[in-house]
Amino acid sequence: GDSVTQMEGPVTLSEEAFLTINCTYTATGYPSLFWYVQYPGEGLQLLLKATKADDKGSNKGFEATYRKETTSFHLEKGSVQVSDSAVYFCALSKDDKIIFGKGTRLHILP
Amino acid sequence: DTAVSQTPKYLVTQMGNDKSIKCEQNLGHDTMYWYKQDSKKFLKIMFSYNNKELIINETVPNRFSPKSPDKAHLNLHINSLELGDSAVYFCASSQSRGSSGNTIYFGEGSWLTVV
Numbered sequence: 001g002d003s004v005t006q007m008e009g010p011v012t013l014s015e016e017a018f019l020t021i022n023c024t025y026t027a028t029g030y031p032s033l034f035w036y037v038q039y040p041g042e043g044l045q046l047l048l049k050a051t052k053a054d055d056k057g058s059n060k061g062f063e064a065t066y067r068k069e070t071t072s073f074h075l076e077k078g079s080v081q082v083s084d085s086a087v088y089f090c091a092l093s094k095d096d097k098i099i100f101g102k103g104t105r106l107h108i109l110p
Numbered sequence: 111d112t113a114v115s116q117t118p119k120y121l122v123t124q125m126g127n128d129k130s131i132k133c134e135q136n137l138g139h140d141t142m143y144w145y146k147q148d149s150k151k152f153l154k155i156m157f158s159y160n161n162k163e164l165i166i167n168e169t170v171p172n173r174f175s176p177k178s179p180d181k182a183h184l185n186l187h188i189n190s191l192e193l194g195d196s197a198v199y200f201c202a203s204s205q206s207r208g209s210s211g212n213t214i215y216f217g218e219g220s221w222l223t224v225v
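Protein chains in written order, with our numbering: chain A, 1 to 110; chain B, 111 to 225.
What the hints contain is simulated information worked out from the structure, not anything from laboratory work. Only a predicted model underlies this, so the values are computations on that prediction, with no experimental measurement involved. Don't take every hint at face value.
As the list claims (entries may be wrong) - Just a sample of chain A residues kept apart from chain B, beta carbon distances all over 12 Å, derived:
| hint | residue |
| --- | --- |
| 1 | E15 |
| 2 | A17 |
| 3 | L19 |
| 4 | S32 |
| 5 | Q38 |
| 6 | E42 |
| 7 | S58 |
| 8 | S79 |
| 9 | K102 |
| 10 | P110 |
What the hints assert, rightly or not - Listed next, with one range per pair, are the computed distances between beta-carbon atoms:
| hint | chain 1 | residue 1 | chain 2 | residue 2 | range |
| --- | --- | --- | --- | --- | --- |
| 11 | A | A17 | B | N127 | 42 to 52 Å |
| 12 | A | E16 | B | H183 | 38 to 48 Å |
| 13 | B | T213 | A | D2 | 17 to 27 Å |
| 14 | B | N127 | A | G61 | 44 to 54 Å |
What the hints assert, rightly or not - Simulated crosslink set (SDA-like; lysine to any residue; CA at most 25 Å straight-line):
| hint | chain 1 | residue 1 | chain 2 | residue 2 |
| --- | --- | --- | --- | --- |
| 15 | B | K154 | A | S72 |
| 16 | B | K151 | A | D54 |
| 17 | B | K151 | A | E69 |
| 18 | B | K151 | A | D55 |
| 19 | B | K132 | B | A182 |
| 20 | B | K129 | B | G211 |
| 21 | A | K97 | B | I166 |
| 22 | B | K129 | B | V225 |
| 23 | B | K154 | A | I99 |
| 24 | B | K151 | A | P40 |
| 25 | B | K150 | B | S206 |
| 26 | B | K181 | B | D140 |
| 27 | A | K102 | B | T169 |
Beta carbons: idealized from backbone N, C-alpha and C, even for Gly.
With these hints in hand, go ahead and build the complete structure from the sequences.
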């Protein structure tokens, strides 16, 4: 069945470091891909999305490119801030379902 | 205005009790969901409704019963609560079913603790 695999955390970085959180998916057809972010004590918020191959989603300095050939949607940011500390979820949607990865907790140290 | 609102935010209750969590969305969306998030942050879909019709019903104990009086509301009723039901429950909504680019909008969660 369809699934999403993302790197296990926690990921701990210093402020201004480069961030990559890996995400790969398994799906038939052409899913849409998403990154959601969950700040402490809050619900999930959409961070960015891409609906077809080679699309790049971007928001708040974060980027991810839909790579069909490698079935990946890795999240990147060039310079992280303490305020980026959160749990990040990769997800795919197809038909009636959205499937989430297990989440990656990110800690940014000042 | 909160787009997806759920109440209560915190709920502590004893085993064996029956409780409900209410959810309302003011986005005009057709589809609503309930997700359960465990202590490891793993997010699992429980139910999905489209225009008051149940379209996704994952393997969830039948102690959990969703009710959708109209397309803007999806409530979750839980009978005979067990310790393992302790989790954060998220309500969510999206524009329509079957359109895979839709963004899901989440409520802020209801923290349920069963003691």
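Going through the hints against the structure:
1. Every CB of chain B lies more than 12 Å from the CB of E15 (chain A), the least distance being 23 Å, so the non-interface label holds.
2. The beta carbon of A17 (chain A) is kept farther than 12 Å from every beta carbon of chain B, the shortest such distance being approximately 22 Å.
3. Distance check on L19 (chain A): its Cβ is at least 18 Å (rounded) from any Cβ of chain B, clearing the 12 Å threshold; non-interface status holds.
4. A beta-carbon of chain B is positioned within 12 Å of the beta-carbon of S32 (chain A); the least distance is around 5 Å.
5. The Cβ of Q38 (chain A) sits about 8 Å from the closest Cβ of chain B, inside the 12 Å cut-off, so the non-interface label is violated.
6. Listed as outside the interface, E42 (chain A) is inconsistent with that label: its C-beta sits roughly 6 Å from the nearest C-beta of chain B, within the 12 Å cut-off.
7. Distance to chain B confirms S58 (chain A) as a non-interface residue, since its nearest Cβ pair spans about 15 Å, more than 12 Å.
8. No Cβ of chain B approaches the Cβ of S79 (chain A) within 12 Å, the least distance being about 25 Å, so the stated non-interface status holds.
9. A Cβ of chain B approaches the Cβ of K102 (chain A) within 12 Å, the least distance being about 5 Å, so the stated non-interface status is violated.
10. Distance to chain B confirms P110 (chain A) as a non-interface residue, since its nearest Cβ pair spans about 23 Å, more than 12 Å.
11. For the hinted restraint 42 to 52 Å between A17 (chain A) and N127 (chain B), the CB-CB distance of approximately 47 Å keeps it satisfied.
12. In this structure the supplied range 38 to 48 Å holds for E16 (chain A) paired with H183 (chain B), their Cβ-Cβ distance being about 45 Å.
13. Range check, T213 (chain B) to D2 (chain A): Cβ separation about 18 Å, and the 17 to 27 Å hint holds.
14. Separated by about 46 Å at the C-beta atoms, N127 (chain B) and G61 (chain A) satisfy the suggested range of 44 to 54 Å.
15. With a CA separation close to 21 Å, the supplied pair K154 (chain B) and S72 (chain A) stays within the 25 Å bound.
16. A C-alpha spacing of about 30 Å is found between K151 (chain B) and D54 (chain A), which places the hinted pair above 25 Å, so the restraint is violated.
17. About 29 Å separates the Cα atoms of K151 (chain B) and E69 (chain A), which puts this hinted pair outside 25 Å; it is violated.
18. For the given pair, K151 (chain B) sits about 28 Å from D55 (chain A) by alpha-carbon distance, which is inconsistent with the 25 Å threshold.
19. Between K132 (chain B) and A182 (chain B), the direct Cα distance comes to roughly 11 Å. Compliance with the 25 Å bound is thereby established for this hinted pair.
20. For a cut-off of 25 Å, the pair hint linking K129 (chain B) to G211 (chain B) is broken: about 34 Å separates their Cα positions.
21. At most 25 Å may separate the alpha-carbon atoms for a hinted pair to count; K97 (chain A) and I166 (chain B) meet this at roughly 8 Å.
22. Proposed proximity of K129 (chain B) and V225 (chain B) is supported: the alpha carbons are some 13 Å apart, at most 25 Å.
23. In summary, the hint linking K154 (chain B) to I99 (chain A) is supported, as the alpha carbons are separated by about 8 Å, within the 25 Å threshold.
24. This hinted pair checks out: K151 (chain B) and P40 (chain A) have alpha carbons roughly 11 Å apart, not beyond 25 Å.
25. Restraint check: the Cα-Cα separation between K150 (chain B) and S206 (chain B) comes to about 30 Å, which exceeds 25 Å; the hinted pair is violated.
26. At roughly 6 Å between alpha-carbon atoms, K181 (chain B) and D140 (chain B) fall within 25 Å of each other, so this suggested pair holds.
27. For a cut-off of 25 Å, the pair hint linking K102 (chain A) to T169 (chain B) stands: about 18 Å separates their Cα positions.
The structure fails to meet hints 4, 5, 6, 9, 16, 17, 18, 20 and 25 from the earlier list, while all remaining hints are met.
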